[in-house]
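Trainee: Those sequence lines, one after another, are chains L and P.
Under the working numbering, the letters of the first sequence match residues 1 to 82, in that order.
Under the working numbering, the letters of the second sequence match residues 1 to 317, in that order.
Everything labelled a hint here was simulated from the structure, so no lab data went into it.
Derived DSSO-like pairs (lysine-lysine); straight-line CA-CA distance at most 30 Å:
hint : chain 1 : residue 1 : chain 2 : residue 2
1    : P       : Lys273    : L       : Lys7
2    : L       : Lys5      : P       : Lys254
3    : P       : Lys43     : L       : Lys5
4    : L       : Lys5      : P       : Lys273
5    : P       : Lys136    : P       : Lys263
6    : P       : Lys273    : P       : Lys263
Chain L residues, not near chain P, derived (Cβ > 10 Å throughout):
hint : residue
7    : Leu34
8    : Pro35
9    : Glu36
10   : Thr42
11   : Thr43
12   : Ala45
13   : Tyr72
14   : Thr73
15   : Gly74
No residue lacks a Cβ here, since even glycine has one placed at the ideal position from N, Cα and C.
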Amino acid sequence: MPRKKTKIIIFSLLILLGVVLLTYGAFFHSTNVLPEQENGSTTLARSEPALVKEVSVGGVKRDESGKIKQTYTGKAPEACPT
Amino acid sequence: MSQARLSKHTPAKHPKPALPEAVENQTMAPMVEKTKLSNLASKLLGWRMWVQSAFLLVWLDPLGLRLHTICSPVFHCYACPLSTFACPIGVIAQFGALHIFPFMAVGLLIAVGALFGSLICGWVCPFGFLQDLGAKAPTPKFDPPKWAGYLRYAVLIGTVLAVPYFFGEEHPLFICRVCPAGALEAAVPNMAGQAIAGQQIAWPNTVKLTILGLFLIAIFFMKRPWCRILCPLGAIFSLFNRVSAFFLRFNADKCTDCKQCHKLCEYGIEPEKRPNDLRCNRCLECIRCGPGALTLGSIFEETQTHKSTFENPERKS
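From just these sequences and the hints, can you work out the full model?
Mentor: Next up, the structure:
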């Protein structure tokens, strides 16, 4: 019985952790992305779901200065270049 | 079932060896009755391919939804023209290259892993299904050495976490640049589309094509070569096998040491020793064993679990 209890506790903690991370990522986490043509314009805050979509088509890259930059202007690429 | 096969499972003809006291106490507990879950699993077992096919309809985007803001819990390239969701491994690697923590992808994998563990690999993953279909070919099958299963963790740590973080996505060992799923599901259809449209074909790199070629050969001569040796997603889910809500339960009381489960297991695991082994992808073939010593269990079952052994301590290797 203690073994089962331990399993239930571990399972509950993992589910809780997963849901917290998922919720935080989906609703609260965002990243600043620079436009491709950097002309001093303001950065755009992209939510994590939007960023997931961007990385799935190779739409953002990290430049040498460590900033996240969009790889296109206008229409997004259709598929990941890799 | 033939008489010979039946007799093989008769305890009287194959008396169990003496067990240590702790195990004896466990085996003296009442037998585990078949639960609703294990009954369902037994019934579904013959339909596993159909279950996998049904899930294929979810992953292959028949409605053209392209929900690429969400990760799926399976290995399916997001560059595939027919992918509903984003690949969690691709997202983790790409986020690593951007030095951003992928909260959604990690959260999803933890939650799904905690619930199902490797059951996802055996019943849901489209890339696993493809390999299952390849294994149907009447060709001789070879087993990789046991240690090869640990290569998955090297792939996970190396090509999904370390290489993207330290070298970025341009590195030739970045997971998406060597992934056979990406080559098969994305590069091949895209190349075909380009050829049909009369456009210039964008060939993937040589390493990726070589890996795809090797993979396509290997699936006919080894059961689930990618899953067993290299899959980083399987490596993640396998870590949950011992704590997931659904698990493989071994009942020492019913075991007759017939070793039938060894023959049933397609992955060279000895299920009665380690029912929730890291290498297990929970195809559940072993629950076909005659004496019924292996069943699918869950932590939600109220009465039965305490009467059984989760793992047989005497047999642990």
